[in-house]
Amino acid sequence: MLKLIAITYLAASVACSIKGVSPENQHLYEPVIIDDVQYWHCLNDSSIRLTYNQINDNYCDCPDGSDEPGTNACENSKYYCENKGHFPAYIDSFKLNDGVCDYDVCCDGSDEPEGCENKCDVIHNQYVEYKENVEKFMATSLQTKEKYLQVAKTKKEKLSNDKTRLEQQLSSAQKQLERLRLELENKELEAELEEPSVYEALSDHFVNLNQKLQANKEILFTKNSHIDTLEQILHTLANNYNPNFNDPAVKESINKFKQYISNKQEVNNDIGDAQNVLEKLQQQAKSLTQGGGVVPTIANTFHYYYQLFTNTFLVAPQVPNLSNLGNNELSSQIDQLETQVKNIQRKLQEVVSNLNINAGPNDILRAFDTINKKISGYHYRISLLDSIYQDDVLIGRFKEFKDNKVYFDYGSRCWNGPQRAGDVEFVCGKGPDIVSVSEPEKCHYNFVIQGESWCEPMTEEEIRANFNIDYDKL
Amino acid sequence: MKSSLFITFILFFTTVSAVKEYLFKKCSQSGFCHRNRHFAQAVESDPEYQSPYSIDVSSLSFADDSITGIVKKVHGLVDVDFPFKISVIEGNFRFQLDEKLNSDVVDTVKHVNKQRYNETETFAFKQNVAYHPLTGDQLEDKLVLKYGDDHQVELEFYPIRFSFLYQNKVQLTVNDKQFLNLEHRRKEREGSTSELLSQETSFDMFQDSFADSSKDTLPLGPESMAIDFNFINFTHVYGIPEHADSLLLKHTRSKDKEPYRLYNVDIFEYDLDSRLAMYGSIPFLLGIKSEVTVGVYWINSADTYIDIEYSSSNTLSHWMSENGLLDFIIIIEPTPYDANSQYGKISGNAALPALFSLGYHQCRWNYNDQKDVLEVHKKFDTYKIPYDTIWLDIEYTDEKKYFTWKKEAFPNPGKMMQKLDQTGRNLVVIIDPHLKDGYSVSEEFITKKLVMKDNSNQAFYGHCWPGKSVWIDTTNPDATPAWAGHFAWKSPFLAQAANVHIWNDMNEPSVFSGPETVAPKDNIHFNNWEHRSVHNLYGMSYHQATYNAMKARLKHSNRQRPFVLTRSYFTGSQRTAAMWTGDNMSKWSYLQASIPMVLTHNIVNMPFSGADVGGFFGDPSSELLTRWYQTGLFYPFFRGHAHIDSPRREPWVPGEPYTSIIRDAIKLRYVLLPVFYTGFYHASETGRPVMKPMFYDALDDTNTYKIDDQFMVGDSGILAKPITEKGGNVSSIYIPQGQIYYDFFNGEISSQVFTSGYVERPVELTDIPMLLKGGSIIPLKTRYRRSSKLMKNDPYTLVIALDENGQAKGDLYIDDGESFSYQNGEKSYIGFQAVSEGISASVSVSEEFSRQIESVTVEKIVIVGVKGEISAVIIEQEGKKWNGKVSEKDSVTTIKNPKVKINSDWEIKFEYKQGVDHDEL
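Here the protein sequences come in this chain order: V and U. Position 148, counted from 1, in the first sequence is what this note's numbering calls 130; the numbers after and before it change by one each time, with no gaps. Position 832, counted from 1, in the second sequence is what this note's numbering calls 841; the numbers after and before it change by one each time, with no gaps.
Keep in mind the hints are simulated off the structure, nothing from the lab. In this text, a Cβ means the ideal position worked out from N, Cα and C, and glycines have one as well. There's no promise every hint is true.
[As the list claims (entries may be wrong)] According to the in silico footprint, chain U covers these stretches of chain V (three or more CB under 8 Å from chain U):
{"hint": "1", "region": "35 to 42"}
{"hint": "2", "region": "54 to 64"}
{"hint": "3", "region": "416 to 426"}
Use the sequences and the hints to build the structure in full.
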């Protein structure tokens, strides 16, 4: 077959120009002449033979669309726009002869049989101007980007240094702690001979505990009065709202409030249980401070109530140190060291998890402090690796960087809706600046941040692809 | 613990099931419905009942085109005259009855127009309806009237009873059951109950004991009108939307059942299988049997209930309206098509829609800003999904102040419209009738006294989306020009764009703080009419005002046809608006219910209707969304919409394979656009349905009378039965007796033929079960374009399904799709005909329009049912002859690129092959 075509190339002396085909591809449309009749074969299926006038006859014969480069008969064909003075381009066949001058592809207007003037000159001028601006901007923005990358790098290095430093500190503190503990153990062994009474040992804790209980009672009281106020507000709403208002949020909230009220007894009982324990513990504590008793029993009873109380009532119980040896220097040093180790561990944990975050290419997200902007009456604060706030409302906390977006979730809950969440997209431009905020779905926000850090060097093709015609100036 | 859990569950279930029925009156809670049902029951069970109503023979007066007289109501101390008039309107019998008011019972009522409301027809009827002569003989005990060729009415004087004969057979009797009840005006006073018959009850005559409407002052006391219509030898009745119910109406006349109610309300999260009132009402009831169709057209815009009682041979309907005239038109014709045509002659036919409005509409509450709109717009092209219109719900406004833009979100609406216009796309923005208190527009209408008033005759304030609001009173003729001012071509709001159209929502009118979610019945309108009297037509008066305003606006462009979507509607709404079935839910059951609902609108001449694709409330599964598009493509009005709390669900959101299947469904709609547009042409000319029940073309096959899950597309011959069940994997289509259909699944013709009975076959998610009736020719446009406007130059494909005799017919209507020039003849109507010798097109077209479509051709003709094998085709047009290319595969014959132009007659002659195979091209 190839041979046949090669032969006919020689045979066909007629220069052809098929509409919609680029000059370099015109040769594919040379006719094959058999018995003085001109034929042609679909480009990707030589078994389909057409008479030559079936090319561009506005009827699709070739499955690959190759017989209709100049019409829209084939859905999958593309039309070549010469675009003299600008850049040649291929336009999808569905844009041919539809009455729309698709200048963004065919600036010469050749996609339409009539009504589209050639605008290549104007468009090319626009393009040249655009390109110059882009290149100018790129030159400076890439420098800016370099600076941000440096900042990111420095911040990351600082973190790594922190990590090393903390690890060293931790290791030395742990060693010191071990040493002191050993020393203390030895001293305890020595001191085992003179054992102080449990009653004495506990007295400080009773005072402490009583104070804590009192403080917690006060907090409880304050919170209860807040709840009372809120319930009062909701009672008023539930009793006075207009059921004809078609507001599903209000209706559902009122139903949920009613459910809550019907469950409320249960909640009170729970608190009541805790209060009972508290009272018993107080009485027991009093009897212990006043009368004493059998030493091991007192210790056990106290421990029992203390556990009961802490488990049911106190939010963050502290491990009781029953082996208190008094205020000697050693144990206080151990205490201090233990706290110090915990602190270092916590800091180290933070640093490590921060270091483990995917902070974008070259850790670029680390470069930025909080980005602020007031949009549509709201003040937005975006800390890319931490959180987003809309005024005082938490939109979300950093979740991950994925597919060039930063995702935030677990924001504060919407009125009768889901918890807020958001994502941040980035575009190349002057910045960093929040250029748009939208809420495509209720309580899910989308932010666009523009900045030089998201600029990449652009090839001419990319600049061309990004170029948008200013139709107002055509 | 346990007890509290129990309480929780009870609360939960009560809030879920009885959505909010408690907000709406049941018949037993509605004064006039309660009284009339009670009365009918008592009359029926009292063999001794003596009707107080009679026709005063001496009062009869005959004119050329009318007969007038008096119905007397006499019992006890009651003696009231009810003047009546009989006429023939556009060939149909009309009876109107008013009350002669006794001055001493009405003179104390302030502010309120004391007459019975008599302006319903001003809004409901088209302009210049014609009255025809009627002839009558007065006999001793009755009048015998004749009109038309085959119509006769006998009106007996006592007891009053109408018998309607058609072709010498009684088809309908009126007041057969003596349910006639005319509650005459009376004052509330000691002993006013003595004016009651023993069959009556005094329930809520002067007060409203329903909690939400208990503030109703009922200034005119009881004033209802009721009567019964008995369809003789009919067992199937249809119509009277809007209800979320089956196509075939249900039996309601028993104590435990609710009658159908017509009272336009904002019925939030409506239930299915329900007779409750909804957003709109069309008081037109159709009885169907094989040889005759009877229509009862009730001209009353007040709260109305209709009881239906099926018995073994007849169907009784009992109509009850709260006030106004007793005014009805009886339409008796051989077929439902004729009944639709007659009704259309009175109430007008559907406007011929702008072509774009038959394309796909993409809506959501809400597209948030200009960028959002343009991104959604762009994505349709990225995904190569055609669409015509994107919508903006209430959030585009500045604090729900209509005619304003939320500036930070829409800094340059004009530019956005221009961008949409580049590819023939349109924007629809919402404008509701409630006007926020305290801004220029509401102040203007208050100052001009063009707002609805409360019962003390002061501007009425209620709550709606913007909070405290007033309502424009579009029953006042002065409101329309004032309204039009806000749509003026030069007003900055719509930026002199010709591709912006309007959505009228909440026009029942929805009043969040009002009884039954609407305006109080004792509010006052223009001419001091009570809201009670005009309630059901208010929504229409509003969208008509919008339509007229838009029409005036678009005169400045070359695209003059306005598009208005309304939620509330009445008889006559078809002339100016499309409607949709309101706030449905993302559930399979609502997808199923949408078909009978849209069909019902189509048989009462409101063809431009649809349901929200995907369901408004909720989050449809990808399967449900996909199936909904496959169904929605057949809705005359095809729009995807979603609630603000629903996740996004534009066609690309569910991803593959769903996006491609949805794309195919939307593309199929565009392929079928010539069929839909031609269907709407017929609807606009003769009132024919666009989405049509099976029984229209199978009146002899009563199996079709209950079918409401399959339907025809206009008169094209396309039958569709979309899959509407979760996991549906079998299609079962009923083919009426004596008809043949070809396989046309997914819009692709095959030569497989089906005859009477059920056709079953397995289906995939990609399948849209469709058939094409033998004897049909349909015109298609198969090329993908971004919008309908861009399809203008595309060639047609004809699909021909021959009947048993090798014949077929079809048609095609074309005009510019956007202006009113078709009214000056700039249009083309083409009749196609196929016989065994060949195919011909007979074209009627104006010279000017012929030039406009000069380049449009037929690119392909596909024929099934050919007997023998066509070996060659000879084509002839405008005196030229040429040979065409013909091929055959799997018994489907294709004529390739016949190159005939669509703007003049052509003919294609077949030559049949003698003997066996031949080399194909």
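What hint numbers does the structure not satisfy? none
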